[in-house]
Amino acid sequence: MSDFKIQIERFGYAYGNETALRNITLNVRRNSILAIFGPARGGKTTLLRSINRLTDIGEPGTHSGRILLDGQDIYAPGLDVASLRRRVGMVFALPVALPMSILDNVAYGQRLRGVRSPSRIQDLVQQSLEAAALWDEVRDRLDAPATSLSGGQQQRLSIARVLALEPEVILLDEPTAALDPISTAKIEEALVTLKRQYTIIIAPHNVQQAGRVADDTAFFLMGECIEAGPASQLFTVPRDQRTEDYITGRFG
Amino acid sequence: MNRQLSQRFAFGLLWSAASATIIILAIIVMFIMVQGLPYVNLAFLTGGPIAQGREGGILPAILGTFALGALSLIIAVPLGVGAAVFLTEYTRPSPLTTIMRFGTDSLAGVPSIIFGLFGFIFFVTRLNLGWSLLAGGLTIALMVLPTLIRTAEEAIRAVPVAYREVSYGLGASRWQMVRTVVLPNALPGIVTGIILSFGRAVGETAAVIFTAGTALNIPTSVLSPTRTMAVHFYILAVEGISLPKAYATGAVLIATILVINVVANLLITRGVARAVRR
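Sequences listed follow chains F and A, in order.
Under my numbering, the letters of the first sequence match residues 495 to 746, in that order.
Under my numbering, the letters of the second sequence match residues 610 to 887, in that order.
Worth flagging that the hints you see were computed from the coordinates, not collected in a lab.
Computed from a prediction, not measured in an experiment: that's the story for all the values here.
Just so you know, even glycine gets a beta-carbon here, dropped at the ideal spot from N, CA and C.
None of the hints are false.
Some chain F residues near chain A, calculated using beta-carbon distances under 8 Å: (1) N546; (2) I551; (3) S577; (4) R580; (5) G583; (6) L588; (7) V590; (8) Y602; (9) L606; (10) R655.
Derived CB-CB ranges, DEER-like: (11) A679/A x E683/F: 55 to 65 Å; (12) N517/F x G691/A: 39 to 49 Å; (13) Q616/A x N517/F: 53 to 63 Å; (14) E503/F x R766/A: 30 to 40 Å; (15) A767/A x P533/F: 28 to 38 Å; (16) P571/F x F695/A: 20 to 30 Å.
Pulled from the structure, derived: some chain F residues nowhere near chain A, Cβ distances all over 12 Å: (17) A508; (18) S613; (19) R614; (20) Q616; (21) R633; (22) D674; (23) E682; (24) R690; (25) Q691; (26) V707.
Chain A with its partners taken away, still in its complex shape (with noise of 0.2 Å):
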């Protein structure tokens, strides 16, 4: 084969392996959309669920989602970029950052079952937290811990080498450096990984069910149980309660991941960028 031929031929494949993935997601979507949307109006997203879910509403699961997604947040991103940060800046590679990262990469490796399962033994049950939002939010904080440290420390590692120097050259303290320097720079990186982590914390359903409960009631506190837009999504489609409303509750959590990705890419990469180098 001539270097031409070669050369269209492996520009053919890889773009029908970008155009393929990209396909796929696009049925995906629309077929959800195109079952579900017809079926979302101002009351079902405002109103509360009738007869389990078979009429009514979902608002108190769209409010259950976005509280379980931003508590695991609260717990994870500081933890998550606080060890990114410590492992990257604050040690040289030795054993014991060999053992952490080996420990971190172990833990994005465990289905989310077993997560719930943990939970469930020690939040639920072992700390008497009972099936709710701070249950499922620590569960869910462990679960993403994983891809947010990875993610952040690629960002970090990714922060020009010069920039430290000049950093330090400058009379900076390490914290200094760090804070004025790395995180500013390090955080569009930082950012898409707190969005894929808040899409596994909306899209989760095992770890949710075994630590958040499956309440229908809006949730009023951390303690109280509730149930996310995924969880109803599955019990309406598994108990055979209303396949059109699980379509619905489908397309309105695709919307809210789709937003929610739009927004955070807008705001905190403009907003907070500025707002931390000050």
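With the rest of the complex left out, here is chain F (with noise of 0.2 Å):
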């Protein structure tokens, strides 16, 4: 099996007219957390829902190229996109809590492919939220409204949510962009431990971010790849003069 979980070749993505995404090659190693980082518009978010083509809902765009899972091509005609959803897991930038409880929010994706047994639902809530940091905040009320959350709480339940579909590749979007420097620590130190079974693609909420979570980074600007590496050398030796003025700060 290839070292690589996910290789996007040549992927380009449009809305209409409006390029979002060109020719970006890009390869994620297994087990590893890559950041994509780089200015507002630049295409993360794209690129981060075309992998689980949460972009086909809406008014979808046209892809061109290929982004593979495993070797297998997820734009492959007659593919099942519900399952390919369930192998990569998606956390957004705002915290979202479906209006149910903490419980059947956990519960959701699992509930959703026929899994019924209470006792196989109760062990996987807790592992799922045991792995995102919110077990011990939330034991005792897990019949209570999700909604009755705060921000930082409702997001690793956002976490959480996605670790109970027991899926292979996780994409957070800016996941703590709108939350405060406690939640945004917990949040990371997860993600370190998820990534010895997961491989993890976040778009970071800064540069400083991507320092302190990623292995591998890569840094996109109006909808192109202009640099991607180990977080080591891309931090410290970048190759492109636009990567250098970006991570000092130069614009941005």
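Now that you have both chains on their own, put them together as the hints suggest.
So this is what it looks like as structure tokens:
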């Protein structure tokens, strides 16, 4: 099996006439954290959404090139999009608690695929909440409405909800954009632990976050991948002037 | 005029408009209640009419009203909510959806007497259903469909897009997403539409006389002709049979609608939301 969990090959994406991604080629190593960073409108969100085909909903655009998950083209005709999304979970920038109980939120994905056994659900919910560093705060009130949680808790709930799918890849789109520093630290710690089991791609909130959590990094600008490589190399000796300018804060 | 004065003026104007509507409503309800309630008693509620309603009670009309209202909703709610879900979740705006929306809006503007005439020609005579609960129910169902579709559509549109994305992101099929996220959260709005529709169904006269008839017997099947409270009220008043009995019927009708509103709001929004989510 290839070392790469995900291979993105000359991938492009356009909404109508507006090109969001241009000729992206990028490999994601198994059990690593890849951080895609860069200024706004660089195509980070579009790339993340393309990897589990959330771009299909709403007003879909058109893609070119390929994205391979374990060597399989995720845009192949006849592919089951629902099962792709179970393998590749997504955490959004704004925490969203579905208006149901904490337990129902975490169990949501498994129930969709028909898992009914209460003991299995209970185990999964506990494991997922533990892995997302939320269990201790909610263990006594799993039946409480999830909307009663704070923003930081709701975002960890979102992560637990994805973990409960038992996915292979986790995508996080600026998961700490709406959070305070303490919640942010909790989520970053959880991510570093999680990469033992999962392959993670994150669009970090800022360059510092990329530095704290990422093994590999890719710098995106105006829909193009300017430079990609190990975080240690990209942050210390960037090859491209634009990358250096962005990292050192000359624009962005 | 300075800012504070204009602010006060606007507030006063809007406040008067709001209070005027409530006062007018209160006067109408009070008037009917004062005229009718003294004649409402257990015998009136549980007895059959005697001498075309000059004496006796209105039990057949009460049962007929509930039967007709329930039947028309049983027909219209699945159709209306289904159409609303289809228009909002399963299609993108296209000439076809524009035509469908134009169709439902036009339907909303058609006078009820036209629905009655259509129901009489098509359901009563053509399909040979006769004057019956079924013919009446089908006719009223068509009549309330636009209201149901519109209110359900508004309610569905108000469900945050973020919920849909989370649901899809967790591997939901479109229908699973609709069933677990859209419908439970749109339910209060849908229920409002159902209550409005029930109100129209029990308050309708013209279309009902044409299609469900004016029989004074207790309906025994969906093919029985029947008479609703609104029709009974109308006939008692217009044919000068008994004004007190007419007002009494009106009082019961108003109380019925009030009770249905309250009960539906309590029961359905709480209970069904939980059931659908499972």
